[in-house]
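Protein chains in written order, with numbering that gives the first Met the number 0: chain A, 0 to 356; chain B, 0 to 388.
Because the hints were derived from the structure by calculation, they are not lab data.
Among the hints, a few may not be true.
As the list claims (entries may be wrong) - Straight-line Cα separation of at most 30 Å, BS3-like style, residue types lysine-lysine; simulated pairs:
(1) Lys118(A) to Lys184(B)
(2) Lys120(A) to Lys196(A)
(3) Lys120(A) to Lys242(B)
(4) Lys197(A) to Lys120(A)
(5) Lys239(B) to Lys225(B)
(6) Lys329(B) to Lys122(A)
(7) Lys120(A) to Lys329(B)
(8) Lys258(B) to Lys201(B)
(9) Lys201(B) to Lys239(B)
(10) Lys122(A) to Lys258(B)
(11) Lys118(A) to Lys39(B)
(12) Lys184(B) to Lys258(B)
(13) Lys239(B) to Lys258(B)
(14) Lys242(B) to Lys232(B)
(15) Lys225(B) to Lys118(A)
(16) Lys242(B) to Lys7(A)
(17) Lys225(B) to Lys201(B)
(18) Lys329(B) to Lys242(B)
(19) Lys122(A) to Lys7(A)
(20) Lys192(B) to Lys120(A)
(21) Lys118(A) to Lys192(B)
(22) Lys225(B) to Lys7(A)
(23) Lys242(B) to Lys201(B)
(24) Lys201(B) to Lys39(B)
(25) Lys249(A) to Lys196(A)
(26) Lys7(A) to Lys184(B)
(27) Lys120(A) to Lys201(B)
(28) Lys329(B) to Lys232(B)
(29) Lys197(A) to Lys249(A)
(30) Lys201(B) to Lys122(A)
(31) Lys184(B) to Lys122(A)
(32) Lys39(B) to Lys184(B)
(33) Lys258(B) to Lys192(B)
(34) Lys239(B) to Lys184(B)
(35) Lys192(B) to Lys232(B)
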Amino acid sequence: MTTTDNTKRVARLAELREKFGRHPVEPQEKHYQGGSQRDRQPRFCGLESGHRACQGCGEALAARLVMECAGPDVMVANATGCLEVFTTPWPQTAWQVPWIHSLFENSAAVASGMEAAMKAKGKNTKILAFGGDGGTYDIGFQALSGMLERYHNILYVCYDNEAYMNTGIQRSSSTPHAASTTTSPAGAERMGKRHLKKDLLSIIAAHHIPYSASASVAYPADLQRKVRYAMGIEGPTFLVVHSPCPLGWKHDSHVTIEVARRAVECGLFPVVEVERGAVANVMPIREVRPVADYLGMQGRFGHLMDPNDPRAVEELTHLQALADYNISHYNLRGEGEDPADTAGITLVARDRAAGES
Amino acid sequence: MREALEGSQAIARAVALCDPDVVAAYPITPQTHIVENLSKLVAEGDLHTEFVSVESEFSAASVVLGAAASGARAYTASSSQGVLLMAEVLFNIAGMRIPLTMTVANRAVSAPLNIWNDHADSMAVRDSGWIQLHCENNQEAVDTTIQSFKIAQDTDLPVMVCMDGFVLTHTMEVIDIPTHAQVRKWLPPFVFKRALDPSDPKSLGALVSPDFFPEVRHSHHAAVDKALPVIEKVDASWAKTFKRDCGGLLTVEGPEDAKVGILAMGSTVGTLRTGLEHHDGPGAKLIKLRAFRPFPADALRAAVAGLDSLIVIDRAISPGLGGILGSEVKSTLYGMPNAPRIHNHAIGLGGRDIPESIVGDLLSSIEDPDAPAFSVFDADLSMLPPEDR
Ligand SMILES: Cc1ncc(C[n+]2csc(CCOP(=O)(O)OP(=O)(O)O)c2C)c(N)n1
Ligand code: SF4
Ligand SMILES: [Mg+2]
Numbered sequence: 000m001t002t003t004d005n006t007k008r009v010a011r012l013a014e015l016r017e018k019f020g021r022h023p024v025e026p027q028e029k030h031y032q033g034g035s036q037r038d039r040q041p042r043f044c045g046l047e048s049g050h051r052a053c054q055g056c057g058e059a060l061a062a063r064l065v066m067e068c069a070g071p072d073v074m075v076a077n078a079t080g081c082l083e084v085f086t087t088p089w090p091q092t093a094w095q096v097p098w099i100h101s102l103f104e105n106s107a108a109v110a111s112g113m114e115a116a117m118k119a120k121g122k123n124t125k126i127l128a129f130g131g132d133g134g135t136y137d138i139g140f141q142a143l144s145g146m147l148e149r150y151h152n153i154l155y156v157c158y159d160n161e162a163y164m165n166t167g168i169q170r171s172s173s174t175p176h177a178a179s180t181t182t183s184p185a186g187a188e189r190m191g192k193r194h195l196k197k198d199l200l201s202i203i204a205a206h207h208i209p210y211s212a213s214a215s216v217a218y219p220a221d222l223q224r225k226v227r228y229a230m231g232i233e234g235p236t237f238l239v240v241h242s243p244c245p246l247g248w249k250h251d252s253h254v255t256i257e258v259a260r261r262a263v264e265c266g267l268f269p270v271v272e273v274e275r276g277a278v279a280n281v282m283p284i285r286e287v288r289p290v291a292d293y294l295g296m297q298g299r300f301g302h303l304m305d306p307n308d309p310r311a312v313e314e315l316t317h318l319q320a321l322a323d324y325n326i327s328h329y330n331l332r333g334e335g336e337d338p339a340d341t342a343g344i345t346l347v348a349r350d351r352a353a354g355e356s
Numbered sequence: 000m001r002e003a004l005e006g007s008q009a010i011a012r013a014v015a016l017c018d019p020d021v022v023a024a025y026p027i028t029p030q031t032h033i034v035e036n037l038s039k040l041v042a043e044g045d046l047h048t049e050f051v052s053v054e055s056e057f058s059a060a061s062v063v064l065g066a067a068a069s070g071a072r073a074y075t076a077s078s079s080q081g082v083l084l085m086a087e088v089l090f091n092i093a094g095m096r097i098p099l100t101m102t103v104a105n106r107a108v109s110a111p112l113n114i115w116n117d118h119a120d121s122m123a124v125r126d127s128g129w130i131q132l133h134c135e136n137n138q139e140a141v142d143t144t145i146q147s148f149k150i151a152q153d154t155d156l157p158v159m160v161c162m163d164g165f166v167l168t169h170t171m172e173v174i175d176i177p178t179h180a181q182v183r184k185w186l187p188p189f190v191f192k193r194a195l196d197p198s199d200p201k202s203l204g205a206l207v208s209p210d211f212f213p214e215v216r217h218s219h220h221a222a223v224d225k226a227l228p229v230i231e232k233v234d235a236s237w238a239k240t241f242k243r244d245c246g247g248l249l250t251v252e253g254p255e256d257a258k259v260g261i262l263a264m265g266s267t268v269g270t271l272r273t274g275l276e277h278h279d280g281p282g283a284k285l286i287k288l289r290a291f292r293p294f295p296a297d298a299l300r301a302a303v304a305g306l307d308s309l310i311v312i313d314r315a316i317s318p319g320l321g322g323i324l325g326s327e328v329k330s331t332l333y334g335m336p337n338a339p340r341i342h343n344h345a346i347g348l349g350g351r352d353i354p355e356s357i358v359g360d361l362l363s364s365i366e367d368p369d370a371p372a373f374s375v376f377d378a379d380l381s382m383l384p385p386e387d388r
């Protein structure tokens, strides 16, 4: 690439940031009501509004939060799934960065090729790979492992909504134990999924990559800090974002964030950071909730809520034990007030955590 | 420069001459020597490329897809089970019209497991929308490989260069390898207009509803069809510079007034040619089909004009139908006035040796009025239990 090419490219990128970045609108009066919340966000907007996600979709929110920190000098390889489908109904697209969808199980490998192309051409555009839990825990698992082992400079983000949502809520290896899905339905003989949620993060950690972490849409400041951190690392990084799906989890669309928060607060979804295979940091839980607080909000666990059904009581006890195990394994129980715990972190402004001024 | 090289080694050298930005491949017999030779060229500093040693053929195809979509000249190679494992990605590459090159070292497909040569693998993905070119010998394989990079970027389509496993990949041949300077002069740098670029964001691989899908398929079909003159033009331009050609879409040789023709693809053509030279009796025309996709219907009709009989040799079958090439030739010639009678035979399946003497057997078989419309010609039915014959 010649210097003039590069100058042109840099100028064009600045222009795009200008065009698709959102600029803060100064409030004219004390209680300024004009403009949406989003219009006041001073961030690059890589994933535009107007796409076709369901109301309250955790995955759409998570992807937007990731893109705000990542763009505009990035390129995305997106696996088949809800995110892919709701953002790109031809001839429309919600993406303001180069984006490619190939197949369900190869986003990590397509991203590997994109990264190799950047290397060959001497560009430092960062490559992102996106997949749902199906595309990551299950069918794309091999390609992901290969990508990590080959040490590509890629940030892989798994939007974990704990089932195959795009095809109508079928179980994946990320679906929690006892959750009812269309292929693990609760019935007279079954209490939903009979197997455990795969501990993907530990498997990822076993690749000894520089950085892997879990995050939740309930804690955007934490999520964005992690994206920033991963973006700065030269090498493979991995982020799994817990993203409630109102349709599949069967909760109202306005409680997405509350559901996500309770998953963390009860210990069923530990929010942790792993560096080179060892746990480096966890988000402490200020007040641990019983799992029933979380499960009770969702129809997919409705069959566990009958105190007169001994099978329900047994499964509920089992899930509580799993949460308790996570809490002791990762040492999640907070010791008093901490600005970075489940209560403190919600007070941190996203833009500050994301390093934007 | 003329050098004695193994087919695979020559292909690796040819690929290196084209300065690929990204190479991704996974070993499988009989393609392995190509990947090994490429790795060696990289290790010795003779090839500067991003060599991605993937964990499967599925990822190999995905890597070159991502690389080419990002504006890189990309190359991969496979065989048999590897091609089938890639199948989903191959359709995807073609559907997105991403230009890149892949060598298929043709091999039978399991079960039963068999590592030897036939065309079952590339035939299994014939409807993927790739260009498929077949090579008679290693010189053609080298020349076609270099040409394929140009054809790909001139058509915005992926190109499969098919060469017979073992028969070509593992055979030493004296090959004229062009110099790097010659190839650089002949082959323009890689350009892909729709390449992903952050300074001009585009989305590739969108969800296309029934409102647009038939149009997409129509234009894909038209694009592959329109590759016909490009393949010819590129071969002509190659001939002008390098003083030899690969036969464009197809070639016809033999006596002008011959009433019988034999049509084949790949290295079988060479065996048949020698067989015909040694065969007494009225000569036959030999038609070498180089372009299998796009299928050169007009050129084929012209090539068979005047023939009473045409023997079509298949190196793969579609069980329950018969020969694949045979069926395609029949449908192409359907309705043509005075079309020759087609005799369709599969030979050399799973690497069964094809002797030169088979030419005599093929030619005498057309005299039999009771001959079946299709046969696995060299199968020894006495080896089978009576109920399987
Ligand atoms: C090889 C293959 N098998 C099956 C499918 C069908 N399919 C498309 S998306 C999907 C599920 C996606 O689930 P996930 O990755 O969790 O993403 P989500 O839609 O939940 O965000 C399935 C099964 C496919 N596209 N390709
Ligand atoms: S089904 Fe779930 S994941 Fe898919 S768009 Fe709707 S809310 Fe989002
Ligand atoms: Mg999912």
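For this session: For the pair supplied as a hint, lysine 201(B) and lysine 239(B), confirm whether the alpha-carbon distance does not exceed 30 Å.
Result: violated, 39 Å
Exercise. Holds or violated: lysine 120(A) with lysine 196(A), Cα cutoff 30 Å?
Worked result: With Cα atoms ~41 Å apart, lysine 120(A) and lysine 196(A) exceed 30 Å; violated.
For this session: Would you mind confirming whether the straight-line C-alpha gap from lysine 192(B) to lysine 120(A) stays at or under 30 Å?
Result: Measuring from Cα to Cα gives roughly 16 Å; hence the hint holds.
Exercise. When you check the alpha-carbon spacing of lysine 242(B) and lysine 7(A), does it fall within 30 Å?
Worked result: The given pair, whose Cα atoms are some 43 Å apart, is violated under the 30 Å limit.
For this session: Decide if the proposed pair is consistent with the structure: lysine 120(A) and lysine 329(B), CA atoms, cutoff 30 Å inclusive.
Result: Not OK: lysine 120(A) and lysine 329(B) at ~48 Å, beyond 30 Å, violated.
Exercise. Is the straight-line distance between the alpha-carbon of lysine 329(B) and that of lysine 232(B) 30 Å or less?
Worked result: OK: lysine 329(B) and lysine 232(B) at ~27 Å, within 30 Å.
Exercise. Holds or violated: are the alpha carbons of lysine 239(B) and lysine 225(B) at most 30 Å from each other?
Worked result: holds, 22 Å
Problem set entry | Agreement of lysine 120(A) and lysine 242(B) with the hint, judged by alpha carbon distance not exceeding 30 Å | Answer violated: lysine 120(A) to lysine 242(B) is near 34 Å, above 30 Å.
Problem set entry | Hint consistency between lysine 329(B) and lysine 242(B) [alpha-carbon to alpha-carbon, up to 30 Å] | Violated. Lysine 329(B) to lysine 242(B) sits at ~35 Å, over the 30 Å cutoff.
Exercise. Would the pair lysine 201(B) and lysine 122(A) pass a check requiring their Cα atoms to be no farther apart than 30 Å?
Worked result: holds, 18 Å
Exercise. Does the structure keep lysine 239(B) and lysine 184(B) at a Cα separation of 30 Å or less?
Worked result: Answer holds: lysine 239(B) to lysine 184(B) is near 13 Å, not above 30 Å.
Exercise. If you draw a straight line from the CA of lysine 122(A) to the CA of lysine 7(A), is it 30 Å or shorter?
Worked result: This hinted pair holds, its Cα atoms lying about 14 Å apart.
Checked against the numbered hints above, the structure breaks hints 2, 3, 4, 6, 7, 8, 9, 10, 12, 13, 15, 16, 18, 22, 23, 24, 33 and satisfies the rest.
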